[in-house]
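With the hints as your guide, set chain B onto chain A.
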Amino acid sequence: MEPTRDARVTLVDLLDRVLDKGLVIQADVIISVAGVPLIGLNLRAALAGMETMLQYGMLTGWDEQIRGLERARVASSEPRLLESEKMILASFGSYWAAQGIYTAWRSGSLYLTDRRLLIWNRAYKELILEVPLTSVQAMELKVQDGPASAHEAKELLLLVEGDQVARIRCAQIQQLKIALEERTRLAGLSLKVQAALLQGNGGSPKFLRPSEVVGCRGKIWYWAPHQAPGREKAHTWRPGILYLTNQRLCWWNEFDQRIGLEVPIRQLVAATVESQQRAILFKEEEQVLDLIYQSGADRKVGSFSGREVLQWHQALAHVISQSGLLESQAEPCPQCGEAQSAKVLLEQGCQRCGWVSPRLKAKLAQTAE
Amino acid sequence: MPEGIYLYCIADGAYAVSLGSTGMNKDPLPVVTIPHRQLSAVIHWCKPKPFQSEDPQTVKKWVVAHQEVVNRAWERFGTVLPLAFNTIIRGQEALGPEQSLRSWLEKEYDRLKAKLLKLRGKAEYGVQILWDPKVIADQLLQEVPAAKQLSEEKGKKAPGAAYLYEQKLKGLLKKEMEAKADACFKEFYGQIRAVVEETKIERTKKTHDETQMLMNLSCLTARDRLERLSQVLDGIDGRAGFSVRFTGPWPPYSFA
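Residue numbers (the numbering used here), protein chains in the order written: chain A, 3 to 371; chain B, 307 to 562.
Don't take every hint at face value.
[What the hints assert, rightly or not] Taking CB as the label site, the calculated pair distances span:
{"no.": "1", "chain 1": "A", "residue 1": "130", "chain 2": "B", "residue 2": "367", "range": "55 to 63 Å"}
{"no.": "2", "chain 1": "A", "residue 1": "7", "chain 2": "B", "residue 2": "309", "range": "45 to 53 Å"}
{"no.": "3", "chain 1": "B", "residue 1": "438", "chain 2": "A", "residue 2": "130", "range": "22 to 30 Å"}
{"no.": "4", "chain 1": "A", "residue 1": "183", "chain 2": "B", "residue 2": "363", "range": "53 to 61 Å"}
{"no.": "5", "chain 1": "B", "residue 1": "324", "chain 2": "A", "residue 2": "7", "range": "22 to 30 Å"}
{"no.": "6", "chain 1": "A", "residue 1": "7", "chain 2": "B", "residue 2": "519", "range": "18 to 26 Å"}
Derived by calculation from the structure, the hints in this document are not laboratory data. The structure displayed is predicted, hence computed values, not measured ones. Don't be surprised by glycine CBs; every beta carbon is placed ideally from N, CA and C.
Chain A extracted, bound-state conformation (with noise of 0.2 Å):
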């Protein structure tokens, strides 16, 4: 065997001898060389996870890459501003997309630029939310309550061309409004009477017409029947919001953000409050509000429950016993379909099958005990 000292095979044991060893001097005619062992230490270090110099080469590369390319994923996960736009504020938010069939709150990274305001989904590079301040004509905070958000929630609602209200949730959403404001004033924009966006109870305006006038509105319960086609018969209790206006009478679907009933003023025919066990809502028997009404040529029923039952049954009478339909109109019995007086089908039952209403039936039970 012969020895070598080829310098590709050697470099480390010639480091070693050159670096550490040797004949070391001790004299005070030695520059002092306090710092001189580190650069063998710092070459040693350099050297330690790699044979050759091909290697340190090679892992040089990877480390830049590596950073290249965090750097590439940390500056395309900010929206691409235009040309001299500037960043004012950044935050957390999230809009309520109502486009078409799809509806839902979506979030994203908020931006508000001087010219722009932006949700930017990071996950997917999308600006989500595109609104130029130009375009804003109103604006309006205000505290949420409907039953679908469990905590009030303040919404900034922006009134942007084209009649379109934009709801928007953010974490900062005071200093959001004042930084809006600010903007579209330096931008010499002035805002619409906000009063634009104040109808009805927050997310559901639109639905009014320009004549209508609430009367009264409250939270409530209803006995919805299913969307879906073939289980017509099925009905489950949904959170919303009742409107009864000058015109009609509304329920807005909380969940669906759209009217789950609307019934003209004209065709309410009666309403009545029963006691019920509604033993997968409430506990306790509560008052079920009964409002049958004309739909086409039949009559329908329609349920409501909640805390100001009685309020709006009283409401209800008021307004049918004004419209006076209650007596002159008949109705048919939900059994047997038989048309009779309403007030005789709600008082003492069908004439001809026996129908009781349940809350007939229920004051019967009651006497005979």
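Below, chain B alone, put in the same frame as chain A:
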């Protein structure tokens, strides 16, 4: 005249020659020898401050240049005492660095002479013995009855029990490997020590492949009596699972 002297090595004999320029100094001052009685210092004139750099490539270049000068002196003058990297001598009071060097050489003359005498005609070699733990473990599996038995039983067991047998076998093999490493070290060291002048046991290092370094030696031996070491190393290299790295000849850094 610069105020520092970079000292590469001390050569045996009086020479006043130039060895050409090197990669160490940026100034094109050549490497020269300064004779003092029957010793010569191999130096170059430099600024009185150490060579320092953050860049490993630069330092590596210096180290290689340092080695080249020592090597050149060694081949030319026969016997040298290499100095540690970055040994720089400065002047003292009214005296220049050359006077400092000379007075140091005078003071240490006898000791330096004795060392040089001891190193005359000799060189340093690096010997590193490595083994492949996988191959060795396979051997042990066949050689050690307890391990063999465990391994055979493991094959017959259900996966759960086989796992426990595997762990047991691993523990046993680890112990056997350690014992074998110990025995090999003693055996090889004995063999090598018998055919060289002097040895220094260096720290073993991590390798960058599947092998492990078992032994790292610096050996001092006469340059013309290398055959016996070569034969011993051939014997070790020929064993299954073992390999030897044999480097040199180096100037006697480890024995200065």
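query: What hints, given by number in increasing order, does this structure fail?
result: 2 and 3
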